[in-house]
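**Q** Take the given structure of chain R and dock chains H, G and W to it, following the hints.
Residue numbers (the working numbering), protein chains in the order written: chain R, 1 to 89; chain H, 1 to 516; chain G, 1 to 125; chain W, 1 to 158.
Hints were generated in silico from the structure; no laboratory data involved.
Treat the hints with care, since some could be wrong.
[Claimed, not checked] What the simulated footprint calls covered on chain W by chain H, stretch by stretch (three residues with Cβ under 8 angstroms from a Cβ of chain H suffice, anywhere in the stretch; the number is not a length):
id, region
1, 82-91
2, 95-106
[Stated by the list, open to error] Below, simulated SDA-like cross-link-like pairs (lysine to any residue); rule was C-alpha separation at most 25 angstroms, straight line:
id, chain 1, residue 1, chain 2, residue 2
3, R, 32, G, 57
4, H, 169, W, 151
5, R, 32, G, 8
6, G, 119, G, 22
7, H, 373, H, 162
8, H, 462, H, 446
9, H, 211, R, 10
10, G, 29, R, 9
11, H, 211, R, 17
These numbers were taken from a predicted model, which means no experiment stands behind them.
The beta carbon of each residue, even a glycine, is placed where N, CA and C say it ideally should be.
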Amino acid sequence: MSLRTIVAAVMFSILAMFFVFTAFMLSFGVPKATQMDDYIIMNTQKETGTNSGVTTVVFDYRGFDTLGEATILFAAVSGVIMIFRRLKK
Amino acid sequence: MNFLEFTPPLIVAIPLFGAFLTPIISKINEKARNIFAILILLITACLVFLLTQDVFTNGPRTYIFGDSNLAIPVVRILFEVDGMSMFMAIISITLALLGVIYSWSYMKENDGLDKYYTLVLLLVASMLGMEFTGDLFNFFVFLEISCITSCALIAFYVNKGESLEAAFKYIVISSIGALFVLFAVGLFYAQYNALNMATIASVLSFGFLDKIALVLLIAALGMKAGLAPMHMWLPDSYGEAPASVTFILVAATQASLYGVLRILFTVYGNAFTNIASVFSSAIIHWFIIGLALITILIGVIMALIQTDFKRLIAFAAVAEIGYIFLGIGVGLTSLGVGYGKTALEGGVFHIMNDAFDIGLLFLVAGAVYYATKETSLNKMGGLARNMKYTAIFFIVGLLAVSGLPPFNGFVSKLLIYESTFQLNPIIAIIAILASILLLAIFVKVFYSVFMGPELPKLKDVKEVPKSMLVAMGAIVVIIIIFGLFPNLIINNIVQPATNALINSSSYISKVLSVVI
Amino acid sequence: MIYNIPFIAVVAMIFIGLYAVLFKRNLVKMVIGIIIIESGVNLFLITLGYRWFGENGGVVPIFTNAPSEAINNAPESMVLPVPQALTLTSIVIGVAVLALMLSIVMHIYRHYGTLDVRKIRRLKE
Amino acid sequence: MSQMSKIVRTISNIIFPFIMIFGLYVIAHGHLTPGGGFQGGAVAASGCVLLIVAYGSAWIFERIKVSRLSIFESTGALGFIGIAFLGLILGGVFFKNFLVGSNIIFGNIPQTLSTSSDFNTAGALPLMNFAVGVKVISGLFVIVLIMAYASCAKEWKK
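Just chain R, with the same shape it has in the complex:
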């Protein structure tokens, strides 16, 4: 049992204790606070004219996240192309 696996096992168990506690502290299906989401559900048709609440959040209320995500896909594609640039016929 090399030192590395012992250290990893110890870190592993400490993390385990944290995550298991979070699992039992949160109650499923009964969110503690919902003011932001209720606002979105009620105003999605009035403010953005969209029927689907999810698309409003993705493209209008939190549109900048989706711009960030589009850059992530763009970065991944340019990264893959750069890594495979030596690939000729």
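**A** Then chains H, G and W, alone, in the frame of chain R:
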């Protein structure tokens, strides 16, 4: 609606727009693409300095995306720019601009350069985005962009095995860290149904879940910033990436260090002060100071036994990050009281100094690699004869990193030593000894690389091209100015940044006043 | 009642993923471990946004021919939209990271001829 | 990968249009039904990957230039950030939904809690959906094409 009103989004949107345009522009020719990249960064630099002057005078500035009026529960994404984010933006944009100027000639003989410039512009945009955003999930998205772009840039030398390995180790550790940040953001969302830093900070009740979220955030962002137990990726990736990429990576690492500061001082700011849980807040301070000391010692001791030039500087960078965390840890123990304030100022000022010093050393290492195609120390010698300027730059760099008087490293390290001495003299002594050891290591490196007999193999080595000298010269000028007029820099750059960190209420009230 | 089994599933997935990353030798298995952690955290984000209503649970927050009793008591009957948007972003991030990691693993295999972490580890401290 | 048999190729020729139409449908109706730029783009990209599998990556790699696809992708990205900048120019705020309520296109607003689905709603969202859809289709297609071709390429130019 004057022009300053929408500079924050423009500062992030222009590099993004430039990155999307680069593949098309590189269809024209090589030179047009390089000029375009430098032009984009010049425009962003002007906007950053314009906004800095405004934010330092009349306080933080917010920008709401999508609609000018803010809904009652903060639904939209918010850019919150205060003294600290402007301080970090100055560092990021200067390093990025000099890095691209440096890589004009450093990367000339490589292929696949239009993707290289796209990824560099994306990395710059993600750094600035991380520093400006006031939204936790948006911070995670920009953190992830910087992970992916820097991993692809580290793997630039595709035919060298080590850089592939370093890139793989980097992406594995960063994506796990980013997932823990996402888990913590989920925890905040579960309890307060808010993703905006200011609203979370105002309603945070420091319950058990918040402690777990704090641990996850500090662990993940500290690891991304190069803190001790999980710093293994830093020497590999700094050592294997091309020098101009490492130069910009230094700023990317400090962007996640800014993340740690923002979480500690703003999101958990008033949780520490008004909830007099002295016990738990004391644990955090001593924990950070302990980690900082371990980081300094690991950095210095590992730097002693290195034979590769860039890995040695990378370990020195790890040690320097240890000093920054030491300044922050001591600053946290007594917020705003006497030595706490000087410690925080020393730590924040050291972020800028470390960025320039370590950056200069990496550029010198790149210049040596460009001229001799050698990276291991015992294969080089007597380079000072025909690489005069690079030798001078290296001397300035090594004196600045180890904190000798005429240069900027001395000013911030003095502030850190002075305040840690008042907290606990032993820590200060260890820090000073480590700094002296660092000086010894770099003097040894200087002799083995630049002095010594003329090696037959390196006889026809000529000086590096103009654009690399310009980039290195600019940093040397900045270092000397910071070193000679420290009060000038501290009073009107570092002071607003630390004040912005300490009284987080101005940050929070800026958002909530707009809402109510 | 399913007390909070989704959160226990999240914890289990995170640990299977962490185990695979920490203790497995093969590079591809490490990549699979990271994707398991990724989907665990996505599941965690989605389960945060669920909301009970009536006996068959919350309805998706889309108004196009939504059931009438969901429309009458509108916000309470509908599931929270924000975590779904966050999970969409996090899934695309997972795809991007996966594509990058696998291309690097392909290169490492072509360069070293093996996928075993121990043999590749030449970058000593 | 080498080419599949004739039967598989003809069947994939028949199915390919249907997959692309369904993908474009999901992209176009993002603001009415569940879906949008990313989900529809992924469906359409799986249609393109079906072609790679059926015709072999070598055959596709010669016919479809990777550089043209990455130009296609950056136009999608430029479209998306262009709409955001248009929001800044027309509506004064970055990412403003400048077409809501205007009568140019996609302008009208459904009254709250109505369950009728009218395509001509939701301001700039359909445009953003199209831009992101184009980007995701070409992006995922490029990634799968390159990795498929790289796995079976004999040797790479050093």
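**Q** Next, verify each hint and record whether it holds.
**A** To see whether the hints hold, each was checked on the structure:
| no. | hint | verdict |
| --- | --- | --- |
| 1 | 82-91 | holds (count 4) |
| 2 | 95-106 | holds (count 3) |
| 3 | R/32 x G/57 | holds, 17 angstroms |
| 4 | H/169 x W/151 | holds, 22 angstroms |
| 5 | R/32 x G/8 | holds, 19 angstroms |
| 6 | G/119 x G/22 | holds, 16 angstroms |
| 7 | H/373 x H/162 | holds, 16 angstroms |
| 8 | H/462 x H/446 | holds, 18 angstroms |
| 9 | H/211 x R/10 | holds, 20 angstroms |
| 10 | G/29 x R/9 | holds, 18 angstroms |
| 11 | H/211 x R/17 | holds, 13 angstroms |
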